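Each of the two chains sits in its own frame; use the hints to bring them together as a complex.
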Amino acid sequence: MTVMTVDEVVGELRDGMTVGVGGWGSRRKPMALVRAVCRARLRDLTVVSYGGPDVGLLIAAGCLRRLVTGFVSLDSIALEPHFCRARQEGRIELTEYDEGMLYWGLLAAANRLPFLPIRAGLGSDVMRVNPQIKTIRSPYADKSDLVAMPALTLDAALVHLNRADAHGNGRYLGPDPYFDDLFCLAARRRYLSCERLVGTAELMDSGPPQGLLLNRMMVDGVVETPNGAHFTSCAPDYDRDEAFQREYAAAAASPDGWERFRSAYLDGDERSYQKAVAAR
Amino acid sequence: MSRADVCVVACAEAWRGDGAVLASPTGLIPRLGARLAQLTFAPGLLLTDGETTLLRDDEAEGWLPYRAVFGVVAAGTRHVMMGASQIDRFGNQNISCIGDWSRPSRQLLGVRGAPGNTVNHTTSYWVPRHAPRVFVPRVDMVSGVGHDRGAVEIRVVVTNLAVLDFATPDRSMRLRSVHPGVSVDEVVAATGFPLAVPADVPSTRTPTATELALIQSRDPEGLREKEIR
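Protein chains in written order, with UniProt numbering: chain H, 1 to 280; chain F, 1 to 229.
Just chain F, with the same shape it has in the complex (with noise of 0.2 Å):
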C-alpha cells in the first residue's frame, strides 16, 4: 500500500453517502477515487468517461454533453472534485491566475465552472502536492468561493499529506486525518494559515485488500504514483 493508494481511498470517501450525483473528479487519483467509490459503497454515482458517456460498471449507460452537464451543475445534483493553485481557509479556490489580475505574474486555466459549482452544489478540492504556496491566507483570484462567500458546500480538500474539512462553528479549514506516516506538525508547516486541529486526530484510513486490488486493476501501471511526487 503507497500514500497513493490512500488519497484514491481519501477522495473515494468524499463521495460517501451521495446517491444518484454526478460525480465530476479532476485528476488521475480523484478519478480512480470516484471509479472506486462507485464500485464499492457509492453504487448510486454517476460518471463519465471524461467525455460526454456515463459509465457505470465499465459499461456505458448514458449520454451527457456539456451542455447538459450545466443543466446539472444549476440543478444541483453534482459533487465536484476539482484541483486549486490556491486555496485559502474558508475553501475560496483560485485556478484563474496568479497575482494581479489585470497583469498576472502567471496566467493559468482561467476560473472555468468553479464559480458556478461552488454556489449550485457540492465540491470538495484535491492537491497533490500540499504546500504553503497552495495554502494561502488569501486566494489571487477567488474564482470557487469558499463558506464566507456563499458556497454550498465545500465537503473535503484531500491532499498527499491529510484530510481537511471544515467542521468548525466558523466553517473553516480544520485538519480532518493525517494521512500514515505524516506528522500533525508537518501539515501544520505546509499550511500557510492557521489550521483548526483537533486534540486528537485520527489516521486516514488505508485501503482494504479488496481496494486495493480495484485501484491496482485500474491503474496497473501505478500512474497514480507519479501525481503525488
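Pulled out of the complex, with its shape left as it was, chain H reads as follows (with noise of 0.2 Å):
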C-alpha cells in the first residue's frame, strides 16, 4: 500500500485491462485519474462503469475498446455525446446491462463467486445482446429460471472519495457510498483517489463509522487529488460544475469544438488541467 501520484496509478495500467469505474452516471467519478489514463493514451480497455462523462473522455481519447454498463448519462444533460457518437459510427464495443445486473455482477466477482443468480433481465432484449448471458433453474422446489449473471471481475478499479488515509482506509462524506466498495472487492489492483489525504485518526473523527467505505485490504495504492472528481459532483466537498459540464457537452458535439476544449484543458497535466478550471 503506498501513496502515489496519478501517473504512478496510470504507469500500473496496461493496454488491454479491464478497468471498473467508481461512482454514478455524473457524481463522484475519479476524473484526475481518468484524465491521466487519457493522458498516457492506453489502448483497448474494457471499462465497467455506471457511465458519465469518464466513459466520455475514455472513449474520446481513444482508450476505450469495449463499455460494460447499464447506461451513460451526465444526469442534468441526459444523453452523453462522446458516447451516442461512438455508439452511431460503431466505433465502440458495447456490453448492455441492466443496473442491477451490473451490481449482482461486481457482487459475484467481490464474493469470488462464478455467477449470482439475479430476476432482471429475463424477457428483454438484454438476452439477445448477450447471448453469452445463461440462466438457470431454482435446485429447490420453486423451480424459477433466473439469470445467472457472471462475475464482473476486474483486473483494476478507479474510485475517489472525500477523505483517506496513506494505508488507504477511505471514507465517503455524501449521501451515497455508490459501488465504490464493490468495484474495489471485484479487482485485482484497486486505486482510491481523494479529496484530501489526512491521518489516521483525522479519519476517523471526520464522520460516522458507517461512512468508512473502504479498508487498506481493498485498496493498492491512494492519491490525493484535490477537485479531483470535478466537472462531476463531489458532495460534500463540491457539487457538479454545471456549467463546465455544459461546456463539455457542447464540445463534444463537434469535432473543432473538442479539439478547442482538448486543447484548453485536456493537452497539459493534472495541475494544468485544474488551473485552466479556476482561470475561466
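Result set (SDA-like, lysine to any residue): computed pairs, CA atoms no more than 20 Å apart in a straight line:
no.	chain 1	residue 1	chain 2	residue 2
1	F	Lys226	H	Ala78
2	F	Lys226	F	Arg129
3	H	Lys134	F	Arg149
4	F	Lys226	F	Pro128
5	H	Lys143	F	Gly150
6	H	Lys275	H	Phe244
7	H	Lys275	H	Glu224
8	F	Lys226	H	Ser76
9	H	Lys275	H	Phe261
10	H	Lys143	F	Arg149
Derived coverage of chain H by chain F (criterion: at least 3 residues anywhere in the stretch with Cβ under 8 Å from a Cβ of chain F; other residues may be distant):
no.	region
11	68–74
12	93–102
13	118–124
14	166–177
Hints were generated in silico from the structure; no laboratory data involved.
Quick caveat: nothing in here was measured; it's all calculated off a predicted structure.
Every residue gets a Cβ at the ideal spot worked out from N, C-alpha and C, and that includes glycine.
Right under this line is the structure:
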C-alpha cells in the first residue's frame, strides 16, 4: 500500500485491461485518474462503469474498446455526446446490462463466485444482445428460471472518495456510497483517489463509522487529488460544475469544438487542468 | 386548469391504493403526480428527493442510497413510472437506442433499470408526446418487458392526450380515458398499433380545487406546462 501520484497509478495499468470506474453517472467519478489514463493514451480498455463523463473522456481519447454498462448519462444532461456518437458510428463495442445486473456482477466477483442469480434481464432484449448470458433453474421446489449473472472480475478499479489516509482507509462524506467498495472488491489492483489525505485519527473523527467505505485490505494505492472528481459532483466538498459540464457537452458535439476544449483543458497535466478550470 | 394539471392528476391516480411502496417517478409531471398522491389519497407512499433522502410531507424521513433501491426493486415494494422512447401494445418499452442495437441510428440512455423493474414490481409509463413514433408495433430494444414477456404489472400509460391501461383479455393496451378536449380519434391516430377502444370512453378526471392548489404550490413557475409542449 503506497501513496502514489496519478501518473504512477496509470503506470501500473496496461493496454487491454478491464478497468472498473466507481461513482455513478456524473457523480463522484475519479476524473483526475481518468484524465491521466487519457493522457497516457492507454488502448483497448474494457471499462465497467455506471457511465458518465468518465466514459465520454475515455472514448474521446481513444482508450476504450468495450464498455460494460447499464447506461451512460451526465444526469443533468440526459445523453453523453461522445458515447452516443461512438455508438452511432460503430466505434466502440458494448456489453449492455440492466443496472441491477451490473451490481450483481460486481457482487459475484467481490464474493469470488462465478455468478449470482437475478430476475433482472429475463424476457428483455438484454438477453438477445448478450448471447453469452445463461439462465439457471432453481434447484429448489420453486424451479424458477433466473439469469445467471456472471462475475465482473476487474483487472483494476479506480474510485474517488472524500477522505483517505496514507494506508488506504477511505471514507465518503456525501449521501451515497455508490458501488465503490464492490468495484474494489471485484478488482485485482485497487486505486483510490481522494479530495484530502488525512491522518488516520482525523479520518476516524471526520464522520460516522458507517462512512468508512474502504479499508486498507481493499486498496493498493492512494492518491490525493483535490477537486479530482471535477466536473462531476463530490458532495459535500463540491457540487457538479454544471457550467463546465455544459461547456463539455457543447464542445463534444463537434470535432472543432472538441479540439478547442481539449487544447484548453486536457492536453496538459492535472495541475494545468485545474489551473485552466480555476481561470475560467 | 390546464392539460398539464390533468396529466399530473392522471399520474397521481396511477399510485392510488399502493400503500407503503416506493414511488419512483421520472419527469416533472410524474414527480408532481407522486407528490400529490402522497399528500392526498396515498399517504403511505415513500418518495425520495431524487437523491438518497426519503421525504414525507416535505420532511426528511429516511435514507435510501442506490444500492438500497435495488433491494427495494428485488423485494417488489416499488411502483416506478418511467419514460418510454418507444412502447408497444403489450407494454414493452425501449429507452436504450433507436434502430439496430449493433449500430443504432440514435443511441439513447441504455436499458437502465427497466428490465429489472418490470419483472419485479409494478410499472407505469409517462409519455409527454403521444405519437406514432413512440407507440410502435415493435420496439427496437426491449428494455422494460411487457405483459407478453413476463412483466409483473404494467398498470397505466399516461400521455399528454389520454390514459391507457391493459384491462383486456390478452392484457394488450386499451384506451381508458381521454383528457378533456381530446377526441378518441385523435388518440387512435397518434397510436401506431391497433388500440382496444371501448364503446364508451370516459373523460380523464379533472383536478379538484384542493389538488390544483397543491400542484400550483409545488410548481409555482408552471414548468409542467413546458413538459408537454
